[in-house]
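Number of protein chains: 2
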Amino acid sequence: MNKVIETILNHRSVRKFTNEQLTEEQIHTIVACAQAASTSSFVQAYSIIGVTDQEIKKQLVEISGGQAYVEENGHFFIFCADLYRHELIGKMENRNVIPTIESTEKFMVALIDAALAAQNAAIAAESMGLGICYIGGIRNYLEEVSKLLKIPKRVIPLFGMSVGYPAKETAKKPRLPLEHIYHTNEYERDIKVSESQLQEYNQTISVYYKERTNGKRSDTWTGQIANMLEKSTRTYMKEYVEKQKMNLR
Amino acid sequence: MNKVIETILNHRSVRKFTNEQLTEEQIHTIVACAQAASTSSFVQAYSIIGVTDQEIKKQLVEISGGQAYVEENGHFFIFCADLYRHELIGKMENRNVIPTIESTEKFMVALIDAALAAQNAAIAAESMGLGICYIGGIRNYLEEVSKLLKIPKRVIPLFGMSVGYPAKETAKKPRLPLEHIYHTNEYERDIKVSESQLQEYNQTISVYYKERTNGKRSDTWTGQIANMLEKSTRTYMKEYVEKQKMNLR
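Protein chains in written order, with the numbering used here: chain A, 23 to 271; chain R, 23 to 271.
Treat each hint with caution, since some may be false.
For chains that are exact copies, the list does not tell them apart, and a pair is met inside one copy or across any two.
As the list claims (entries may be wrong) - In silico lysine to any residue, SDA-like type, Cα no more than 20 Å apart, as pairs:
1) K25 / G151
2) K260 / M114
3) K25 / M150
4) K194 / E222
5) K253 / G112
6) K172 / G159
7) K260 / L270
8) K260 / P121
9) K267 / T257
10) K267 / R256
11) K113 / G245
12) K260 / E124
13) K194 / L31
14) K172 / T206
15) K175 / E165
16) K267 / G112
17) K232 / P174
18) K169 / E208
19) K214 / P199
20) K260 / R271
21) K172 / G72
22) K232 / T192
23) K25 / E148
24) K38 / T74
25) K175 / G112
None of these hints come from the bench; they were simulated from the model.
Bound conformation, chain A alone (with noise of 0.2 Å):
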C-alpha cells in the first residue's frame, strides 16, 4: 500500500482541533491541490472562500446547528458551486450563456465540480497531518450564508471544511459492504441481495457503535438512515437554488 492509499484509508472526519493556525502556504497548497481536480469540459465552476473573521465563523456555527468546530479549527473553508463567473464571461464574450447556465446539466457540472476540487483538499490536507470536517450544516440557512459571504446570484455555497490539527483522535466508520456499493456491467436489482447485505452492514455498525459507547448505543445503519430520512429537512433548497438562478430548466 502506497503513502496517498494510506492517506485515503486512513480518513475519518476531525471534530476537534489544535488552536494552531494553518500558515499562508498551507491554506495555498490546499486550494491549489483542490484546483488541480478534474473539472467539466474545463468550465471550472466553483469557487472556494475561506473564513478567518471571527465574527462571521461564529455566525456559522449558529447557522450549522452550533458545532463548535466550524468556529474552532485552524482553517475554515466554504466550498461553491459557481457560475457566476461564467455569466461575466458571457458578457466579456458577448455570447448569450444563460439559457446554458441555467440549465439543470449545468447546475451538476457545478456541483461535481465544487466537490472534485474539495475532496482533493481534503486529502491534500490530510496528507499534512492534519484533520478535516465537511460541514454540511452551512446548508441549514443558506439565505443568511449568503448575505453573510456575499455571495451573489448563480453561486451557492456547498458546505464547510474545517481543518486543523487534530486534538481528539477519532474512529474510522466502516463503509458498506463493497458489494453494494460496486456493481459489474449492471445495477444489481434483486431486493434481496441488497437487503442481505444491508443485514450484514447492520451487524457492522452496531458493533461498531456498541464498542465505541460502551454498550450504550447499538443503532444499525439502516435504522439510523430511515430515522434521519423521515424527516425532511433544508425543504427551502429547491427555492434558494432556484432564485439564485440555477437548476431552472
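Position chain R relative to chain A; hints supplied.
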C-alpha cells in the same frame, strides 16, 4: 512537498491507455478508496458500476460522442448518485422516506457524495501509476445509459472514469489564478478585479495552446468557455432527473 500532494498536483487527463487490464486487487483498492471519502450524514448516496462487457463499452463510446478511450482502457467505472437503496431502507424500517429522498437537498447530497468518492478513486488510481479521464459524455444520453446498465429509479449515472496505464504523455492544463478561485471572508464582487484576473489567465491559456500546437491554436479561456456555453447541451436533463424521481421538491 509530500508524495500525496505531488500526486494531486501532477494530475492530467489521460486519453490513451495500453491494453493492460487492472487486476481485481487494483479495482478493489480503488473502490475501497472511493468509499473512504466523507459522506453527508453517513448516507452513502452513490454507487459505482464497473463496465467490462465489450458490447456495453462499445455502446458507451457511441453515447459519449466517439471517445475511443471509453472502450480502450484498463477499466471503466461509472459513478452514480444513488438514493435507490434509501427507498429500500424506508421499506425495511417501515418509514416514509420518500418526500426527503425526492428533494433537491438530497439530490445535491447524492451528487456531492458520488463526486467525493470519485475523486478519491482518481487519486488512488494515479498513485498506482495509472492515468484517469472523467467521461461526462455519458450524460449525452442518460436514457440509453440507464437501459444499458439497468439503472433503477432514484439512481443517476453522473460520469464515467476511464482508468489504465498511460500510453501517451499529456500536458498539465494551467488552472485559473488562485486568487480568482479563492476569496477571503467574502465573495469578490468587483467585476474589474475579476475581469483583469480572467484576462491574465487568457494570456496563460493562449501561451499553453500555442506551445502545444506549434502556434496553430491560441484560444483564450473565456473565448473557449463562451463558445461552449453559447450552445445548450443535454437540455433533457431536468426532465430525466425528475423522471428518476430526484430533484422534485
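Taking the hints in turn, this is what the structure says about them:
1. Both within a single protomer and between protomers do K25 and G151 lie at most 20 Å apart by alpha-carbon distance, with minima of 13 Å and 13 Å respectively.
2. Taking the closest pair of Cα atoms, K260 and M114 never come within 20 Å of each other, the shortest separation being 30 Å inside a single copy and 28 Å across copies.
3. In this assembly of identical chains, the alpha carbons of K25 and M150 lie at most 20 Å apart whether taken from the same copy (12 Å) or from different copies (10 Å).
4. Taking identical chains as interchangeable, the C-alpha atoms of K194 and E222 lie at most 20 Å apart only when both belong to the same chain, with a minimum of 18 Å there against 44 Å between chains.
5. Taking the shortest Cα distances, K253 and G112 sit within 20 Å of each other only across copies (12 Å), while inside one copy they are farther apart (41 Å).
6. For the identical chains of this complex, K172 and G159 are intra-copy neighbours only, at 18 Å inside a copy versus 34 Å across copies, given an alpha-carbon limit of 20 Å.
7. Taking the closest pair of Cα atoms, K260 and L270 come within 20 Å of each other both inside a single copy (10 Å) and across two copies (8 Å).
8. Both within a single protomer and between protomers do K260 and P121 lie at most 20 Å apart by alpha-carbon distance, with minima of 18 Å and 13 Å respectively.
9. Both within a single protomer and between protomers do K267 and T257 lie at most 20 Å apart by alpha-carbon distance, with minima of 17 Å and 16 Å respectively.
10. Proximity of K267 to R256 under the C-alpha cut-off of 20 Å is found in both arrangements, the shortest distances being 18 Å within a copy and 18 Å between copies.
11. In this assembly of identical chains, K113 and G245 lie within 20 Å of each other by CA distance solely across copies; the values are 11 Å between and 51 Å within a copy.
12. When the C-alpha separation of K260 and E124 is checked against a cutoff of 20 Å, the pair qualifies both within a copy, at 13 Å, and between copies, at 11 Å.
13. When the C-alpha separation of K194 and L31 is checked against a cutoff of 20 Å, the pair qualifies only within one copy, where the shortest distance is 9 Å, while the shortest distance between copies is 27 Å.
14. Taking the shortest Cα distances, K172 and T206 sit within 20 Å of each other only across copies (11 Å), while inside one copy they are farther apart (45 Å).
15. For the homomeric pair K175 and E165, the shortest alpha-carbon distance inside one copy (11 Å) is at most 20 Å, but the shortest distance between copies (31 Å) is not.
16. In this assembly of identical chains, K267 and G112 lie within 20 Å of each other by CA distance solely inside one copy; the values are 15 Å within and 33 Å between copies.
17. For the identical chains of this complex, K232 and P174 are neighbours neither inside a copy (46 Å) nor across copies (35 Å), given an alpha-carbon limit of 20 Å.
18. Proximity of K169 and E208 under a CA criterion of 20 Å is satisfied inter-copy only: 9 Å between copies versus 45 Å inside one chain copy.
19. With identical chains, the CA atoms of K214 and P199 are at most 20 Å apart within one copy only, with a shortest distance of 15 Å there and 51 Å across copies.
20. With identical chains, the CA atoms of K260 and R271 are at most 20 Å apart both within one copy (13 Å) and between copies (6 Å).
21. With identical chains, the CA atoms of K172 and G72 are at most 20 Å apart within one copy only, with a shortest distance of 13 Å there and 42 Å across copies.
22. Proximity of K232 to T192 under the C-alpha cut-off of 20 Å is restricted to the intra-copy arrangement: shortest distance 15 Å within a copy versus 50 Å between copies.
23. When the C-alpha separation of K25 and E148 is checked against a cutoff of 20 Å, the pair qualifies both within a copy, at 11 Å, and between copies, at 12 Å.
24. Only within a single protomer do K38 and T74 lie at most 20 Å apart by alpha-carbon distance; the minimum there is 17 Å, versus 43 Å between protomers.
25. Taking the shortest Cα distances, K175 and G112 sit within 20 Å of each other inside one copy (15 Å), while across copies they are farther apart (36 Å).
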